[in-house]
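Given the coordinates of chain D, assemble chain A onto it according to the supplied hints.
Sequences listed follow chains D and A, in order. Numbering follows our numbering, with no gaps: position 51 of the first sequence is 51. Numbering follows our numbering, with no gaps: position 297 of the second sequence is 619.
Zero decoy hints are in this set.
Pair ranges (Cβ atoms, derived):
#: 1; chain 1: A; residue 1: S324; chain 2: D; residue 2: G152; range: 50 to 58 Å
#: 2; chain 1: D; residue 1: G127; chain 2: A; residue 2: P349; range: 56 to 64 Å
#: 3; chain 1: A; residue 1: G616; chain 2: D; residue 2: E115; range: 54 to 62 Å
Examples of chain A residues toward chain D, derived with CB under 8 Å:
#: 4; residue: H365
#: 5; residue: H368
#: 6; residue: V399
#: 7; residue: A402
#: 8; residue: L419
#: 9; residue: F424
Since the hints were made in silico from the structure, they are not lab data. Each residue gets a CB set at the ideal place from its N, CA and C atoms; glycine is no exception.
Protein chains: 2
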Amino acid sequence: MSGRLVALAGGVGAARFLDGLVQVVDPDRITAVVNTGDDMVLHGLHISPDLDTVTYTLAGVHNEATGWGVTGETWTVMGALARLGGETWFSLGDTDLATHLFRTQRLSAGATLSEVTDELRAAWGIGVRLLPMSDDPVRTRLTLGTEDDGDGAEVEVEVEVDFQDYFVRRRHSVPVRAVRFDGAEAARPAPGVLAAIEEAEVVVACPSNPVVSIGPVLAVPGVRPALVDRRADVVAISPIIAGSALKGPADRLLAELGHESSVVGVARLYAEWAGTLVIDEADRGRADEVERAGVRCVVAPTVMSTPARAATLAEVVLGARR
Amino acid sequence: MSGRLVALAGGVGAARFLDGLVQVVDPDRITAVVNTGDDMVLHGLHISPDLDTVTYTLAGVHNEATGWGVTGETWTVMGALARLGGETWFSLGDTDLATHLFRTQRLSAGATLSEVTDELRAAWGIGVRLLPMSDDPVRTRLTLGTEDDGDGAEVEVEVEVDFQDYFVRRRHSVPVRAVRFDGAEAARPAPGVLAAIEEAEVVVACPSNPVVSIGPVLAVPGVRPALVDRRADVVAISPIIAGSALKGPADRLLAELGHESSVVGVARLYAEWAGTLVIDEADRGRADEVERAGVRCVVAPTVMSTPARAATLAEVVLGARR
Numbered sequence: 001m002s003g004r005l006v007a008l009a010g011g012v013g014a015a016r017f018l019d020g021l022v023q024v025v026d027p028d029r030i031t032a033v034v035n036t037g038d039d040m041v042l043h044g045l046h047i048s049p050d051l052d053t054v055t056y057t058l059a060g061v062h063n064e065a066t067g068w069g070v071t072g073e074t075w076t077v078m079g080a081l082a083r084l085g086g087e088t089w090f091s092l093g094d095t096d097l098a099t100h101l102f103r104t105q106r107l108s109a110g111a112t113l114s115e116v117t118d119e120l121r122a123a124w125g126i127g128v129r130l131l132p133m134s135d136d137p138v139r140t141r142l143t144l145g146t147e148d149d150g151d152g153a154e155v156e157v158e159v160e161v162d163f164q165d166y167f168v169r170r171r172h173s174v175p176v177r178a179v180r181f182d183g184a185e186a187a188r189p190a191p192g193v194l195a196a197i198e199e200a201e202v203v204v205a206c207p208s209n210p211v212v213s214i215g216p217v218l219a220v221p222g223v224r225p226a227l228v229d230r231r232a233d234v235v236a237i238s239p240i241i242a243g244s245a246l247k248g249p250a251d252r253l254l255a256e257l258g259h260e261s262s263v264v265g266v267a268r269l270y271a272e273w274a275g276t277l278v279i280d281e282a283d284r285g286r287a288d289e290v291e292r293a294g295v296r297c298v299v300a301p302t303v304m305s306t307p308a309r310a311a312t313l314a315e316v317v318l319g320a321r322r
Numbered sequence: 323m324s325g326r327l328v329a330l331a332g333g334v335g336a337a338r339f340l341d342g343l344v345q346v347v348d349p350d351r352i353t354a355v356v357n358t359g360d361d362m363v364l365h366g367l368h369i370s371p372d373l374d375t376v377t378y379t380l381a382g383v384h385n386e387a388t389g390w391g392v393t394g395e396t397w398t399v400m401g402a403l404a405r406l407g408g409e410t411w412f413s414l415g416d417t418d419l420a421t422h423l424f425r426t427q428r429l430s431a432g433a434t435l436s437e438v439t440d441e442l443r444a445a446w447g448i449g450v451r452l453l454p455m456s457d458d459p460v461r462t463r464l465t466l467g468t469e470d471d472g473d474g475a476e477v478e479v480e481v482e483v484d485f486q487d488y489f490v491r492r493r494h495s496v497p498v499r500a501v502r503f504d505g506a507e508a509a510r511p512a513p514g515v516l517a518a519i520e521e522a523e524v525v526v527a528c529p530s531n532p533v534v535s536i537g538p539v540l541a542v543p544g545v546r547p548a549l550v551d552r553r554a555d556v557v558a559i560s561p562i563i564a565g566s567a568l569k570g571p572a573d574r575l576l577a578e579l580g581h582e583s584s585v586v587g588v589a590r591l592y593a594e595w596a597g598t599l600v601i602d603e604a605d606r607g608r609a610d611e612v613e614r615a616g617v618r619c620v621v622a623p624t625v626m627s628t629p630a631r632a633a634t635l636a637e638v639v640l641g642a643r644r
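Next comes chain D alone, as it looks inside the complex (with noise of 0.2 Å):
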């Protein structure tokens, strides 16, 4: 391949299957364009999960055993902050705080996200193009259907709650009734997204959750289009295992969403806009429920269990576009 190449990003897995990618491309023909609808303000910081997961992956300092946040972390500044009696469900590494510093001070400058996260990428050395899916605000906003009444017992009852309410503070471990991107529609696709798909010899769909990862993407107006005109150059990679997510909660959300959760469900969900889905060997017997879904089906090893297994999978993503 010697075209250029868009990658959808979420967060962890997306991160994992860039960090394969740059060993087979080079990387300054490579663009991500990262989910936004996870970004919170806490403690008056702007924090950007799934950028900062991605850029600490490809700076290689992000901390394997959590999936989050940089290696060596120290936590001087959250103990301190327990010791106030202050919120530390949410937990911020000292260098990891640094980040959130920066972005913030540069934003509250003037600076775009797209500008803040080109600087982060130029300090950390990153050759990869780091884009935030919008510069506009998108959260990702969740239903639940019960809720802990107190004395540890559910009950029924209807509440909205952002992203990171849902996933760290309850542990993603509450029933989802509905999904809406809080801004969506009035978000603009940052400076160079739609043109980077436009132009895209292969344009890759990660690994990531098809609802909270990939969806806030597809969301922001004028990317779907443009990934519908790119069909055929569009390969998706399941995040779905033999009905599960490895990491996270994808599978039970397609679930409490009304899709399978399988390959099936997700080539269901990603058809209109991709025209192939890689999958792994675990599914190979339902490559053909794939097809029927209007998918062109690429079984391979898609667990990116070691740097080399994910370069791997990038070689199996780069030779399987129609």
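Relative to chain D, chain A alone:
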């Protein structure tokens, strides 16, 4: 003394005096009304330098060497921020940062600065009641007369800057033409401030910068009239000794704004609302001039080089009023 006591406070000088005062007066009889004109938002964080200096000092964790921050501080976040190319002219230690995260989060959750200040006071186990002068934003702004032209030469130009820009970034080494307290007209005294002044047996103006520490407190509507009403019981301590400030730019600021940089200049500035001025023994020869400014003069050692000397000064102040 058996009644209540109010201390009008800036940063280091006030904190040292309060540290002496709690040795001779039951802390729960003391209310400190603290300058917030130096407050700033940096990296999205609400920073209250004088409140923090007073809090850390009374908590016994202040950094004696620097005059700000906590002792034994670590700088992990600042180091990481520097590597990202972030703004590091205002040094924020890791433990100190927790204070700013806590304050910012609580303010964004709807708490007032008074409430947050009291929560931090309680977290540190401080007995003295700490009140910001106002829960409304008041920002000290300084008009500078010259500016570095970028080639190292000073050129005549009027530019208005924030307090910390002047004090920290420019190390208060530039001449000041004017000072104003942006927002003061619309600010209300924090709950309890006026009542505390009315009910106090003694009101002390700590040895803080008359222009940019005591000045903002006086600029909050209602405070100066409340002090005028209690003039006989207001005891000020001169921060100027033998024409100079022990620390900071009080001497230069007084001169630049047309006042005499001396105990006499302070007496003239404070005469309307302070019945007594405590001056250092070094200024004994100017006691008569102080009295001619209409202020009763008490001569005592005012350099608080040790906690014991601070306590001695506190005893002097308590015995000084009439």
